[in-house]
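**Q** Residue numbers (the working numbering), protein chains in the order written: chain A, 1 to 236; chain B, 1 to 236.
Hints may be right or wrong, so weigh each one.
[Said to hold, decoys possible] Derived CB-CB ranges, DEER-like:
(1) B:P25 x A:R97: 53 to 59 Å
(2) A:A222 x B:V219: 42 to 48 Å
(3) B:K79 x A:Q200: 25 to 31 Å
(4) A:G171 x B:G32: 27 to 33 Å
(5) A:E173 x B:N134: 19 to 25 Å
[As the list claims (entries may be wrong)] Chain A stretches covered by chain B per the calculated footprint, using a threshold of three residues with CB under 8 Å from any CB of chain B:
(6) 51 to 65
(7) 180 to 192
Just so you know, the hints here were simulated from the structure itself, not pulled from any lab data.
Keep in mind that this is a model prediction, so the values were computed, not measured.
Where is the CB? At the ideal position from N, CA and C, for every residue including glycine.
Number of protein chains: 2
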Amino acid sequence: MFLAPLSFIVHERLLERWLERTKAPEFDLIEGRGNPVIIAGYGRYGQIVSRVLRMAGIPFTAIEASFQQVDFVRRFGNKVYYGDASRLELLESARARDAKLFVLAIDDVEASVKTAAVVRKNFPNLPILARARNRVHYYRLRDLDIGREAIEREIFLSSLETARQALELTGMEATQVARAVALFKEHDEKLMDEQYAVRQDETQLIQTTAQAAAQLQEVFEADVKESTSPVPARDG
Amino acid sequence: MFLAPLSFIVHERLLERWLERTKAPEFDLIEGRGNPVIIAGYGRYGQIVSRVLRMAGIPFTAIEASFQQVDFVRRFGNKVYYGDASRLELLESARARDAKLFVLAIDDVEASVKTAAVVRKNFPNLPILARARNRVHYYRLRDLDIGREAIEREIFLSSLETARQALELTGMEATQVARAVALFKEHDEKLMDEQYAVRQDETQLIQTTAQAAAQLQEVFEADVKESTSPVPARDG
Numbered sequence: 001m002f003l004a005p006l007s008f009i010v011h012e013r014l015l016e017r018w019l020e021r022t023k024a025p026e027f028d029l030i031e032g033r034g035n036p037v038i039i040a041g042y043g044r045y046g047q048i049v050s051r052v053l054r055m056a057g058i059p060f061t062a063i064e065a066s067f068q069q070v071d072f073v074r075r076f077g078n079k080v081y082y083g084d085a086s087r088l089e090l091l092e093s094a095r096a097r098d099a100k101l102f103v104l105a106i107d108d109v110e111a112s113v114k115t116a117a118v119v120r121k122n123f124p125n126l127p128i129l130a131r132a133r134n135r136v137h138y139y140r141l142r143d144l145d146i147g148r149e150a151i152e153r154e155i156f157l158s159s160l161e162t163a164r165q166a167l168e169l170t171g172m173e174a175t176q177v178a179r180a181v182a183l184f185k186e187h188d189e190k191l192m193d194e195q196y197a198v199r200q201d202e203t204q205l206i207q208t209t210a211q212a213a214a215q216l217q218e219v220f221e222a223d224v225k226e227s228t229s230p231v232p233a234r235d236g
Numbered sequence: 001m002f003l004a005p006l007s008f009i010v011h012e013r014l015l016e017r018w019l020e021r022t023k024a025p026e027f028d029l030i031e032g033r034g035n036p037v038i039i040a041g042y043g044r045y046g047q048i049v050s051r052v053l054r055m056a057g058i059p060f061t062a063i064e065a066s067f068q069q070v071d072f073v074r075r076f077g078n079k080v081y082y083g084d085a086s087r088l089e090l091l092e093s094a095r096a097r098d099a100k101l102f103v104l105a106i107d108d109v110e111a112s113v114k115t116a117a118v119v120r121k122n123f124p125n126l127p128i129l130a131r132a133r134n135r136v137h138y139y140r141l142r143d144l145d146i147g148r149e150a151i152e153r154e155i156f157l158s159s160l161e162t163a164r165q166a167l168e169l170t171g172m173e174a175t176q177v178a179r180a181v182a183l184f185k186e187h188d189e190k191l192m193d194e195q196y197a198v199r200q201d202e203t204q205l206i207q208t209t210a211q212a213a214a215q216l217q218e219v220f221e222a223d224v225k226e227s228t229s230p231v232p233a234r235d236g
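Isolated chain A (complex conformation) (with noise of 0.2 Å):
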């Protein structure tokens, strides 16, 4: 088949006119004997663990949902079913019984929510990591027991990676840099965790922020005292 390339460039696009003429099969039957790791999501995050995996050599199976999107990878050569990850046939035939993890990378907040809650109440022995939209979708991945060290928030890491450059180019001492970056990631964490204990209550949520944002203010200002206090000079 003949795809011009811009039409590669504006995928999205061209997904969505597929979706119009192109009548979605039957979900795909997953056969053999099962693999360690089962990747639901295949669409940017989840592809970045399996590309990892692959590097590895660690055998996993991947769950799409978008039958555009399991086309439109399958073309690049990579080995993807076709189907809808919070069915429980389907992750008996995934063999999820014997697999060693299952990586949560669906980026809609309620299929993602769905799957997990599958997946808890079934293979309740089952190690999960999890993609979190927001805070919100964040909370109710804790609210099924899967803990804060196994979510990741999609866009923390990256944007604190733009943060971290911001401190450089306006200027800020390398180390200083890195001090202000690891802080500033450990009390977000924290305050993750507080939040999480009154996220039903709009008031004190409005309070902790504001008091977080002051506190860490705070905590950075006597860092940067301690680590710039000037060193005894001297004798010669």
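Following the hints, position chain B against chain A.
**A** Relative to the frame of chain A, chain B by itself:
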């Protein structure tokens, strides 16, 4: 104004309803001397950058084109201007001419590229740090002469962190995991460059991708062999 806690949690839906009944006001006027950093886009990404800058005591001017988003984040004590960062008058009033840094954190690809073009053309000496949604967005920013080290793919680092944890959980040894992730990162950055060069040619893009995957596996295997080669036995 009282808002039920739940409506906070589902604030995206709330915003949609607001959108229907709230008429957007005129754009804000930006007055004053201007700040060293301008942040365009005050969603999830721009907010993290701004919180780090605030912690470090670096003043910034944040601009956001969605009034609903502005209204929402203001309730948390943030100072954000409502406006379209691709409008030259607005950039002038934010004193872009005297700024040290422009952070392009807009998530919408078209709005982001448009803003980048206006900033590049009118303030050629103003450094830009940019968020890219995906490869295509990344390529278009590169086309505007934004260096690759100044562009972050928004989910790249978080997905790499999930991959890192996945390697650990499947039993790979910690130092090996660190090497694997570093190797992948370095390799993927090179791949982005190679693919940028052939971005108009789908056949070549598919070829480069397949080659890269095979290469990466080889490089990793060689790396593993080297690091686990038997240490010469010592004579007693």
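**Q** Hints the structure violates: just list their numbers, smallest first.
**A** 4 and 5
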